[in-house]
Amino acid sequence: MKPSLLLAAAALVVAFPATAAAEDPGSPPTTKKIETGNTRGIQLAHSRIVVSGDGGGGKSDGYQVRRPCWYEPGKGAAEMLAAQEDVRSYWLRYTPNASEKDYDKFLKQFKDKVGKPGKWWAPAYDAGHPNGNACWTGLDAFVWVPEGETPPGGITLEELSDIARAALTVPKPPIKVSPDVDSYVNLATYVWLEGDVPTTRSVTATLPGVMSATVTADLSNLVIKSGTSAGRADVANNCGTRGQRYQKGVKTLSCGVRYRRASIDQPRKVYTMTATAVWTVTSTAGISYAPINMSATRDIPVGEVQTTVRGRS
Amino acid sequence: MRRLIALGTLVALCGGCAAPRPFTPGDKSAAGASGSSSPASAPSPSASAGGGARSEVVTLSPDLDLVVQWPRTRDTKRAAMVKVLVDYYVETKRAVVSGGTEEGYKYLVQDEMSRVAYDWVQNFHDNSRSLQGKARLYAIRVKAVVGVGAEVEMCVNEAELRLTDAETGFPVAEQPSWTRPPESTYIMVAGVRQGDDGRWRVKTASHATLPHPRAKECQR
Chain B
1 MKPSLLLAAA
11 ALVVAFPATA
21 AAEDPGSPPT
31 TKKIETGNTR
41 GIQLAHSRIV
51 VSGDGGGGKS
61 DGYQVRRPCW
71 YEPGKGAAEM
81 LAAQEDVRSY
91 WLRYTPNASE
101 KDYDKFLKQF
111 KDKVGKPGKW
121 WAPAYDAGHP
131 NGNACWTGLD
141 AFVWVPEGET
151 PPGGITLEEL
161 SDIARAALTV
171 PKPPIKVSPD
181 VDSYVNLATY
191 VWLEGDVPTT
201 RSVTATLPGV
211 MSATVTADLS
221 NLVIKSGTSA
231 GRADVANNCG
241 TRGQRYQKGV
251 KTLSCGVRYR
261 RASIDQPRKV
271 YTMTATAVWT
281 VTSTAGISYA
291 PINMSATRDI
301 PVGEVQTTVR
311 GRS
Chain X
1 MRRLIALGTL
11 VALCGGCAAP
21 RPFTPGDKSA
31 AGASGSSSPA
41 SAPSPSASAG
51 GGARSEVVTL
61 SPDLDLVVQW
71 PRTRDTKRAA
81 MVKVLVDYYV
91 ETKRAVVSGG
101 TEEGYKYLVQ
111 DEMSRVAYDW
121 VQNFHDNSRS
131 LQGKARLYAI
141 RVKAVVGVGA
151 EVEMCVNEAE
161 LRLTDAETGF
171 PVAEQPSWTR
181 PPESTYIMVA
191 GVRQGDDGRW
201 RVKTASHATL
211 PHPRAKECQR
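Heads up: the sequence lines are chains B and X, in that order.
For the first sequence, position 304 matches number 304 in the working numbering, and the numbering has no gaps at all.
For the second sequence, position 213 matches number 213 in the working numbering, and the numbering has no gaps at all.
Rather than coming from a laboratory, the hints here were simulated on the basis of the structure.
Where is the CB? At the ideal position from N, CA and C, for every residue including glycine.
Just to be clear, a hint being listed does not mean it is correct.
The calculated PhoX-like cross-link candidates involving lysine-lysine, where the alpha carbons are at most 20 angstroms apart (straight line), are [stated by the list, open to error]:
id: 1; chain 1: B; residue 1: Lys-248; chain 2: B; residue 2: Lys-176
id: 2; chain 1: B; residue 1: Lys-75; chain 2: B; residue 2: Lys-113
id: 3; chain 1: X; residue 1: Lys-134; chain 2: B; residue 2: Lys-32
id: 4; chain 1: B; residue 1: Lys-75; chain 2: B; residue 2: Lys-108
id: 5; chain 1: X; residue 1: Lys-143; chain 2: B; residue 2: Lys-33
id: 6; chain 1: B; residue 1: Lys-225; chain 2: B; residue 2: Lys-172
id: 7; chain 1: B; residue 1: Lys-59; chain 2: B; residue 2: Lys-172
id: 8; chain 1: B; residue 1: Lys-75; chain 2: B; residue 2: Lys-111
id: 9; chain 1: B; residue 1: Lys-111; chain 2: B; residue 2: Lys-101
id: 10; chain 1: B; residue 1: Lys-75; chain 2: B; residue 2: Lys-32
id: 11; chain 1: B; residue 1: Lys-32; chain 2: X; residue 2: Lys-77
id: 12; chain 1: X; residue 1: Lys-216; chain 2: B; residue 2: Lys-33
Computed spacing ranges between beta-carbons, pair by pair [stated by the list, open to error]:
id: 13; chain 1: X; residue 1: Glu-174; chain 2: B; residue 2: Glu-158; range: 38 to 46 angstroms
id: 14; chain 1: X; residue 1: Gly-169; chain 2: B; residue 2: Asp-112; range: 37 to 45 angstroms
id: 15; chain 1: X; residue 1: Ala-139; chain 2: B; residue 2: Lys-32; range: 50 to 58 angstroms
id: 16; chain 1: X; residue 1: Arg-180; chain 2: B; residue 2: Glu-79; range: 42 to 50 angstroms
id: 17; chain 1: B; residue 1: Val-223; chain 2: X; residue 2: Glu-56; range: 29 to 37 angstroms
The following block holds chain B by itself, in its conformation from the complex (with noise of 0.2 angstroms):
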């Protein structure tokens, strides 16, 4: 049998811990159970990449690092060939009609590596990506890659700032209108965020003792749309991060909506208003990111004041 083709079948003995064997025999032969109720912007799996920050742990925004499945550095040779010869026997009963020469000979292209500067990169992917599972299962289960270099595939800086991105979430703007519940035409409506909201949030992914990359959100500010026509509606739009909160004797409007006609026409007879706050994106990486938009929403029922003017008689 060639070394070389038997390379991998015994490294991921090594790489991952001991699935239980199934405790009922007859449950399904897989490695594991799909994971539920996923809201990150990204899994790891494989991946010694550390996720670090105080900018995940929300919903994504549904950004997809741009290559899903990578090489990372791994164990050095002397290491590699000590978790190989500890499973010997194992590998001896799951590799098709394997001999002890067989064995040797797979043995032979770890101990060729020893003494030598360098590591044994292996494969890492993100589960979440719709393509990431079957990129990695293209990937060769590890790689030899001499000190120094990078192995076609190998993860790079760029990547992951991607990996950094795709798990930086920004929550969604607590708005709050006033009038809080019944507009009418010509009435000012005010937005604004409520409560101590951070304006910067950011996240980190590391390799370590390889290299990292953070990527930070500013929130850079509030857009406004009235939810109906410019006919309809005069929407401003100077919010800065904060909108502007109501406050009795102000009379100028910078953030927020004066309907100019009622909302009785309208679907559920309600204007749907959304507040969205723009987060700029920046990376230690030097990578240029689209800012991150998050929006809600609050309708906005919006009625005609009746007055009747009586004469003196």
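With chain B held as given, fit chain X onto it using these hints.
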């Protein structure tokens, strides 16, 4: 930072770096091994290669049938991806009912799945267990293809399977939960890879049982 930049630059410079090739057990059978990389009795999607779906019953023992609902496809490459996943399922069951004499499944897997499949089959033998009844494989489709890798999905219904005592041939008194709804229906998601020899093998697989959202599409 210099190190980071250097790493990124080297990616472009190392286009010719040699990489070890993965394990391809099919070569072993070509060299005269007793097992087969494509067992003669394995099911085949050939009738569906012309575009028509068909159902096939694979009898593994007098007491065990597998019903395969082959998908419609005119793409021979996709048909091969689908076939290796079905074959993997069939051959692991064949290994169980043969009591260990049939090991064709070892030629259909690589890397992590070599170990998983071996452990799965061995668990039956170690516990003197076997199978009877009927399993249904359906809604089989290729979800993604990237280079020589692909993701294939398959629904499995094992509600009519029974765990048996391998020595007596009778169903064990306390049947495992996977023989009963909702666990008896699941979706299997596999990563399959085409080796340098042109053959497809299962490299990884995961599953979800009802009521997982992924398994809901398997309800019929």
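Hints, verified against the model:
no.	hint	in the structure
1	B:Lys-248 to B:Lys-176	16 angstroms, holds
2	B:Lys-75 to B:Lys-113	12 angstroms, holds
3	X:Lys-134 to B:Lys-32	24 angstroms, violated
4	B:Lys-75 to B:Lys-108	17 angstroms, holds
5	X:Lys-143 to B:Lys-33	18 angstroms, holds
6	B:Lys-225 to B:Lys-172	16 angstroms, holds
7	B:Lys-59 to B:Lys-172	9 angstroms, holds
8	B:Lys-75 to B:Lys-111	14 angstroms, holds
9	B:Lys-111 to B:Lys-101	15 angstroms, holds
10	B:Lys-75 to B:Lys-32	24 angstroms, violated
11	B:Lys-32 to X:Lys-77	27 angstroms, violated
12	X:Lys-216 to B:Lys-33	15 angstroms, holds
13	X:Glu-174 to B:Glu-158: 38 to 46 angstroms	55 angstroms, violated
14	X:Gly-169 to B:Asp-112: 37 to 45 angstroms	51 angstroms, violated
15	X:Ala-139 to B:Lys-32: 50 to 58 angstroms	21 angstroms, violated
16	X:Arg-180 to B:Glu-79: 42 to 50 angstroms	45 angstroms, holds
17	B:Val-223 to X:Glu-56: 29 to 37 angstroms	58 angstroms, violated
The structure is inconsistent with the numbered hints 3, 10, 11, 13, 14, 15, 17, although it conforms to all the rest.
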